[in-house]
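Undergrad: Residue numbers (our numbering), protein chains in the order written: chain A, 23 to 237; chain B, 23 to 237.
Derived from the structure by calculation, the hints contain no laboratory data. Remember, it's a predicted structure, so these values are computed and weren't measured experimentally. Worth double-checking, as some hints may not be accurate.
Which copy? The list can't say, so a pair holds if one copy fits it or any two copies do.
Calculated lysine to any residue pairs in the SDA-like style (CA-CA distance at most 20 Å, straight line) [what the hints assert, rightly or not]:
{"hint": "1", "residue 1": "Lys177", "residue 2": "Tyr39"}
{"hint": "2", "residue 1": "Lys152", "residue 2": "Asn115"}
{"hint": "3", "residue 1": "Lys128", "residue 2": "Lys236"}
{"hint": "4", "residue 1": "Lys222", "residue 2": "His200"}
{"hint": "5", "residue 1": "Lys177", "residue 2": "Arg229"}
{"hint": "6", "residue 1": "Lys177", "residue 2": "Asn122"}
{"hint": "7", "residue 1": "Lys236", "residue 2": "Ser208"}
{"hint": "8", "residue 1": "Lys49", "residue 2": "Lys177"}
{"hint": "9", "residue 1": "Lys222", "residue 2": "Gly34"}
{"hint": "10", "residue 1": "Lys98", "residue 2": "Glu52"}
{"hint": "11", "residue 1": "Lys177", "residue 2": "Gly44"}
{"hint": "12", "residue 1": "Lys146", "residue 2": "Asn115"}
{"hint": "13", "residue 1": "Lys64", "residue 2": "Ala31"}
{"hint": "14", "residue 1": "Lys98", "residue 2": "Val181"}
{"hint": "15", "residue 1": "Lys98", "residue 2": "Glu235"}
2 protein chains.
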Amino acid sequence: MEEKEISQAVIGRLPRYFRYLGELKDKGVERISSQDLSELMKVTASQIRQDFNNFGGFGQQGYGYNVEYLYNEIGKILGLDRQHNFIIIGAGNLGRALGNYLNFEKRGFIFQGMFDTDRQLVGKEVRGVKVMPMEELEQFIRENDIDIAVLTIPKEEAVSVAERLVGTQVRAIWNFAHVDLNVPPSIQVENVHLSDSLMKLSYNINRYANEQEKA
Amino acid sequence: MEEKEISQAVIGRLPRYFRYLGELKDKGVERISSQDLSELMKVTASQIRQDFNNFGGFGQQGYGYNVEYLYNEIGKILGLDRQHNFIIIGAGNLGRALGNYLNFEKRGFIFQGMFDTDRQLVGKEVRGVKVMPMEELEQFIRENDIDIAVLTIPKEEAVSVAERLVGTQVRAIWNFAHVDLNVPPSIQVENVHLSDSLMKLSYNINRYANEQEKA
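All chains, full assembly: derive it from the sequences and hints.
TA: Laid out in structure tokens, this is it:
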């Protein structure tokens, strides 16, 4: 497969393809045309073909896509064919919610450890995983082959914890703190800024109301 | 201000501007040039000018932007100058995490009610808000001027709950269920698909490792 720079917009759409293909596979569907996939996913067939062309195509023209093949190939592109070990830093409600989320495990993301500065939380368990004090962070990462750290802590703490992670083997930060982190390119950062998402929602409520007033 | 169709990509960037401007404002900064804002936010000055031009510009050339004015204007565009009342459907860990999130309140999003099908959870409280049974959903929405419903329930339930919400005055769904919802255009949907976000992270870990191998 030829390698080229793929835009983050295309990457952002891959998990959605993966999700729909997984559902088709579970229903026993073996083949699907780009037209049918287009109707199901409510994106144009041309968008689907363009997206897939970034990865060499996948398809047999006029014959449709082999669902299982496509599902597996996209899974490989997404790195889901290997196991990822993650820790959650911050044992509050959000951290516990993510620790309890079994779907991540199905995709190969294994919840291995949890950390908190709060001594009252240390020793408690979330789905069999013990909350540890922050002093043990580096050693635990080293001994347990951790490659992803999930940050569910306030933004002030997130900045300094991210700096500590730079010196470890962690290769990615899934950041729920409401701040942009400055880390070297060797650490991938994916932000989930919940307030930003809620503001976008609020914008769209407003926009729709304004359009209705004028119509 | 002239009205035109603004792309969702631009909209998606507004909350980030709002966040940085809020921090500048809190630090007492009165004016900022697009160049300085560019360096702070790590986006090009031309991107900033292009984004702001969608809303008529905001800026005085050569003089920089008035931070507080810009902050307020973007806040208005995002609909943050009015109060939004929201309910959370699903009183599990994630629902409770969102209910406890005080930052939403600061932005004018007020947590008013919580619902769950689980009788064991009904009557419990999250930050002074009682969990109610699903039978009371429509009446509560009507009587409490609810315009946003947050769905933190499994995907099978999310589809049918979204259908119930269509008949109410709810104008937006903030959807954490791992499924795309089919609702009429009068209801705005903002998805937070956590698994999708994690897969994107995994893709970027992979991509970086492949690049390093080749370099």
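Undergrad: For every hint, state whether the structure bears it out.
TA: The hints, checked one at a time:
1. In the homo-oligomer, the alpha carbons of Lys177 and Tyr39 lie at most 20 Å apart only across protomers (17 Å), although the nearest pairing inside one protomer, at 33 Å, exceeds that limit.
2. For a Cα distance limit of 20 Å, the shortest separation of Lys152 from Asn115 qualifies both inside one copy, at 15 Å, and across copies, at 17 Å.
3. Proximity of Lys128 and Lys236 under a CA criterion of 20 Å is satisfied in neither setting, with 48 Å inside one chain copy and 30 Å between copies.
4. For a Cα distance limit of 20 Å, the shortest separation of Lys222 from His200 qualifies both inside one copy, at 15 Å, and across copies, at 19 Å.
5. For the homomeric pair Lys177 and Arg229, neither the shortest alpha-carbon distance inside one copy (30 Å) nor that between copies (28 Å) is at most 20 Å.
6. Taking CA atoms no more than 20 Å apart as the test, Lys177 paired with Asn122 passes between copies only; the shortest distance there is 16 Å, against 23 Å inside one copy.
7. When the C-alpha separation of Lys236 and Ser208 is checked against a cutoff of 20 Å, the pair qualifies only between copies, where the shortest distance is 15 Å, while the shortest distance within a copy is 50 Å.
8. For the homomeric pair Lys49 and Lys177, the shortest alpha-carbon distance between copies (16 Å) is at most 20 Å, but the shortest distance inside one copy (43 Å) is not.
9. For the identical chains of this complex, Lys222 and Gly34 are neighbours both inside a copy (18 Å) and across copies (6 Å), given an alpha-carbon limit of 20 Å.
10. Within a single copy, Lys98 and Glu52 get their C-alpha atoms as close as 19 Å, which meets the 20 Å cut-off; across copies the closest is 49 Å, which misses it.
11. Taking the shortest alpha-carbon separations for Lys177 and Gly44, only the inter-copy value of 14 Å comes in at or below 20 Å, while the best intra-copy value is 36 Å.
12. Taking the shortest alpha-carbon separations for Lys146 and Asn115, both the intra-copy value of 13 Å and the inter-copy value of 16 Å come in at or below 20 Å.
13. In this homomeric assembly, Lys64 and Ala31 come within 20 Å of each other (Cα to Cα) both inside a single copy, at 17 Å, and across copies, at 19 Å.
14. Taking identical chains as interchangeable, the C-alpha atoms of Lys98 and Val181 are never at most 20 Å apart, the minima being 32 Å within one chain and 29 Å between chains.
15. In this assembly of identical chains, Lys98 and Glu235 lie within 20 Å of each other by CA distance solely across copies; the values are 17 Å between and 48 Å within a copy.
Checked against the numbered hints listed earlier, the structure breaks hints 3, 5 and 14; every other hint is satisfied.
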